[in-house]
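Enquirer: Fit chain B to the supplied structure of chain A, relying on the hints for placement.
For the record, the sequence lines run as chains A and B.
The UniProt record's numbering numbers the first residue of the first sequence as 1 and each following residue consecutively.
The UniProt record's numbering numbers the first residue of the second sequence as 1 and each following residue consecutively.
Mixed in with the good hints, there may be bad ones.
[Stated by the list, open to error] With a straight-line cut-off of 27 Å between C-alpha atoms, the simulated BS3-like cross-links for lysine-lysine are: (1) A:553 with B:203; (2) B:54 with A:26; (3) B:20 with B:217; (4) B:67 with A:545; (5) A:47 with B:67; (6) B:197 with A:47; (7) A:146 with A:179; (8) B:194 with B:50; (9) A:478 with A:553; (10) B:217 with A:553; (11) B:146 with A:374; (12) B:2 with B:67; (13) A:221 with A:189; (14) B:16 with A:47; (15) B:146 with A:83; (16) A:510 with A:582; (17) B:146 with A:553; (18) A:374 with A:318; (19) B:50 with B:220; (20) A:330 with B:197; (21) A:318 with B:203; (22) A:83 with B:50; (23) B:50 with B:217; (24) B:67 with B:16; (25) B:194 with A:561; (26) B:194 with B:16; (27) B:16 with A:334; (28) B:32 with B:194; (29) A:26 with B:217; (30) B:146 with A:318.
None of these hints come from the bench; they were simulated from the model.
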Amino acid sequence: MQVYEAPLRDMRFVLDELWEEDGFGKLEALEEFDSDLTSAILEEAAKFSREVLLPLNRSGDEEGCTLENGVVRTPEGFKDAYKQFTESGWSALASDPEYGGQGLPERVNKLVEEMTCSTNLSFGLYPGLTHGGSIAIEAHATEDLKNFYLPKMISGEWSGTMCLTEAHCGTDLGLLRTKADPQDDGSYKISGAKIFISAGDHDLSDNIIHLVLARLPDAPKGVKGISLFLVPKFLPKDDGSVGPSNGVTCTAIEHKMGIKASATCQMQFEESTGWLVGEPHKGMAAMFTMMNAERLSVGIQGLGIGEAAYQSAVWYAKDRLQGRSLSGAKHPDKPADPIIVHPDVRRMLMTMRANNEGCRMLGAWVARALDAEKHATDPEVRQRASDFVALMTPVVKALFTDLGHENANLAVQVYGGHGYIRESGVEQYARDARIAMIYEGTNGIQALDLVGRKLGAHTGRYLRSFFHPVSDFIEASKGDGPMKPMIEGLEKAFGALQLSTATIAQRGLKDPEEAGAAATEYLRLMGLVAMGYCFARATMISGMKLAFGTEEKEFYDAKIKTATFYFERILPQVSAHFLSIKAGKKSMMALEEHAF
Amino acid sequence: MKILVPVKRVIDYNLKPRIKADGSGVDLANIKMSMNPFDEIALEEAVRIKEAGKAEEVVAVSIGPAKAGSDTLKSARAIGADRAIHVETDEEVEPLAVAKILKAIVDEEQPQLVIMGKQAIDDDNNQTGQMLAALLGRPQGTFASKVEIDGDHVAVTREVDGGLETVRLALPAVVTTDLRLNEPRFPALPNIIKAAKKPMSTKSPADYGVDTAPRLKTLKVAEPPVRQAGEIVPDVDTLVAKLKAMGAV
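Looking at chain B on its own, in the form it has when it is part of the complex:
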């Protein structure tokens, strides 16, 4: 079995993003970037499935600027991906375009399973996995907290509002990961050294015939409003009076 894992290069999760002065987006100049933590979990899961003898190959894909290839996909190979595909573009790529590119890659690579993060921590869209499954016409198991391969099926335990839901999907399928699926490993030094020798191919969106022109227009990006100081009121009556005065009730 072959597993495809899309990974995105995003602002490091330890950092507090700063908004550009003109409100056009997040300032990424000289900012530390890392692999999207949800994708790291997806990759870890794929490598564990391979280590358990249930898959033969793990292929990592990243769509983005040169650094996505040189840094993010290098980490991916150090963690355990066998090879990497870098679709290089400096443009902002929206979820639908990502899903279309991934579909083209899936058509070419024919993986039995695509595992990816449920969302990227920069835009928090939570769309790409679902779109990809729809474009492919394949079953999807989103927000996975447990993934078990069972012959030509995969059982996915999903974190839903009411608790846990388990679905059994026929392979090939698309799975998106939630935070509790696993705890990603730190790459071992020998694997970091080996990673440099694992193959990577570099493509462009045009190679897959995908037009990445944005369908959405960002009007403005702003910091959330600063929270106002609270006030402690002596009793419920005062509270109700205040709320009425504010027009809140």
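Okay, chain A solo, but in the shape it has when bound:
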């Protein structure tokens, strides 16, 4: 059964307690959003997601989207839910108040996103893409375009998409063929076909604003010849009402493994009127503004599904009576013990729990960096925050979605045969979570981004934004206290990360394939260390709370137990990844291609 209550206590922990000293300092611009206000926002978001979005998750998956007479219809109930979502202002959450947004800090926004993804990933994609599109428009479009389009996108009246992929090019966008012909009035005529366009067409909003990558006639070959265009489905009239059709059609929708209630469309643009966003031939840079924000959000999708899978598994493990505890019956009054008594079921539940808490803590840190990047008054802090976001974006995207999928698989396993049956609801999580490892740049691409672009950037400056806080923490926490084993474990894992970094830097310079061969393991290793650092901090804070007396003994006690599990049963994976990295590419590349 799909069970979900927003983990509000843990969210308040990462928001108010864990990162009080985050190294970025207090942000005056965000003072209005104190703990009282943010917890009220989180509570209402929790209620909305539980009562409106969750009930549509299974039914949306069963029904899916349909294409009839060129129009995409979303599953029953989605239209009403979207209306409630936008009218309640949730679509405007993180957007700029200048265009009607609520200007909430990212640290709150990311937690609300998590709830949306936990309760209905498919639904979340529609407003999610609109938000991503509005970010790119805000950063790169002309004032006229911004003033005209942003208020309606932020209110959710109009939605957005990003149209990158074509049938023959996904990862390698340099190959794309969609054309843009300049017109005398300064607009362009866009023609071409796109595939895999999430929310490309649907019945939720009055208009759909596509951000389309295309080539100008004089464009150089490859990625340096791509420009970004804003192309509405319906050409708006001057008063902002929806006008005639703009030659944008959905020719087919994909039949997918998961996120079935999200319309994934093939789109045809036939001399559709569009406007340039940003500089000619600089479309990739403009698109990456959107892409980087989206990658963090996709990471949160992994966490969201991971949390829902965990809660659903816990519910079943307590409910399902089967066999007796190995140490003697725990519930002699019942015909059998609930399966939660078994160590192997505990292994799965604790792994899921630790994955979720670890990702939530790390995600909260990155979200604070996003806020500091935007609002810190000291330019040095802004730079450091920005470096940290750049470094952690691929880690959050790949690590969170890998672990989210691991959690979904574990949930199916906890349910046993019943997990493989649709009605149980948990196999949906496994199918839905799978896409997050693929879109917005596959997790392999994320790993390449980390080792190829982020490690060496500015002679390791990005890396320092992460390494310094960790090593400072280890130095400051050394000693014979109760934290000793944890700090030693963290120090060892951090040492492995530093060594791996040096190995990759050294070998990668001579042979880029060596860096490529180490990338995935390296990203995971960095993620494991980052979560270890978070768990160590959490343990320290929880220990203090318990020592000084608290009414929430149960919460802090559980936090320490989960952290201890993480250090003893998950963090040791660092050694295996370290050894794989050390072994290098040789065995990976040895087999001749024809032998496959």
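Expert: Positioned in the frame of chain A, the structure of chain B alone reads:
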């Protein structure tokens, strides 16, 4: 016109209550609490009346522990109450004491209309509204499924056993709400943000001169007995025989 809406903080309606091991009451430790759903309906109705231009101010009141002020009354302001009064007490307050405190507040605030839930889902007493009307000497319209303000009167459609009954009350009056009156909204984000800035005053029962000492004594709280499995009998004769054997007929 001013509308007063009392709201109670109760165990969340999605949860299954657990009884304390010593049978002294329901275990509320670490339990999610929310606004009583009937009160949410009352508040929604008050806000709709205000939005229709028939009232100027909606004041929410809650009597209970600190959290009733920080959580329940914050939600109330997010839904649309203009300000809040929190009467803080950690003691259990029985319907009569609640009604007395509310009477004192009504005397002070002089609202034309008091709208409240017909009952709270924790104790299911269904008494406070009626007691308040009696203490005030004002007309009451209970179990409302429709409320229409008409000048200095209010027409209340009541859900009674035989169907619907409509009463016309002279204002000021007390109305208690039934489930079908309306469907409460989800608070909009801008209103949640604004709610933090709307005023709230904190009082104690003593400020209103009300003695909240319980008049009733709870002897024991227990789970309802587990239902016994049924039995399908082949015919009426067997049924009658069985019933006779059980001494039921």
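Enquirer: Can the restraint linking residue 26 of chain A and residue 217 of chain B be considered satisfied, given a maximum Cα separation of 27 Å?
Expert: violated (52 Å)
Enquirer: If you draw a straight line from the CA of residue 16 of chain B to the CA of residue 334 of chain A, is it 27 Å or shorter?
Expert: This hinted pair holds, its Cα atoms lying about 20 Å apart.
Enquirer: Are residue 146 of chain B and residue 83 of chain A close enough, with their CA atoms no more than 27 Å apart?
Expert: With a Cα-Cα distance of about 26 Å, the restraint between residue 146 of chain B and residue 83 of chain A holds, given a limit of 27 Å.
Enquirer: Is the hinted pair residue 54 of chain B and residue 26 of chain A satisfied, with a Cα-Cα distance of at most 27 Å?
Expert: violated (45 Å)
Enquirer: Please work out if residue 50 of chain B and residue 217 of chain B have their alpha carbons no farther apart than 27 Å.
Expert: It is violated: about 41 Å lies between the C-alpha atoms, which goes past 27 Å.
Enquirer: Are the Cα positions of residue 330 of chain A and residue 197 of chain B separated by 27 Å at most?
Expert: Violated, because 52 Å separates the two Cα atoms, which is more than 27 Å.
Enquirer: Between the alpha carbons of residue 478 of chain A and residue 553 of chain A, is the straight-line distance 27 Å or under?
Expert: Holds, at roughly 25 Å.
Enquirer: Against the 27 Å threshold, does the CA-CA distance of residue 67 of chain B and residue 16 of chain B hold or violate the hint?
Expert: holds (21 Å)
Enquirer: Holds or violated: residue 20 of chain B and residue 217 of chain B, Cα atoms, limit 27 Å.
Expert: holds (17 Å)
Enquirer: Holds or violated: residue 146 of chain B and residue 318 of chain A, Cα atoms, limit 27 Å.
Expert: violated (44 Å)
Enquirer: Keeping to a limit of 27 Å between CA atoms, is the pair of residue 217 of chain B and residue 553 of chain A held or broken?
Expert: violated (32 Å)
Enquirer: Checking one constraint from the list: CA of residue 194 of chain B to CA of residue 50 of chain B, max 27 Å. Satisfied?
Expert: holds (17 Å)
Violated hints, listed in ascending order, are 1, 2, 10, 11, 17, 18, 19, 20, 21, 23, 25, 26, 29, 30; each of the other numbered hints is respected by the structure.
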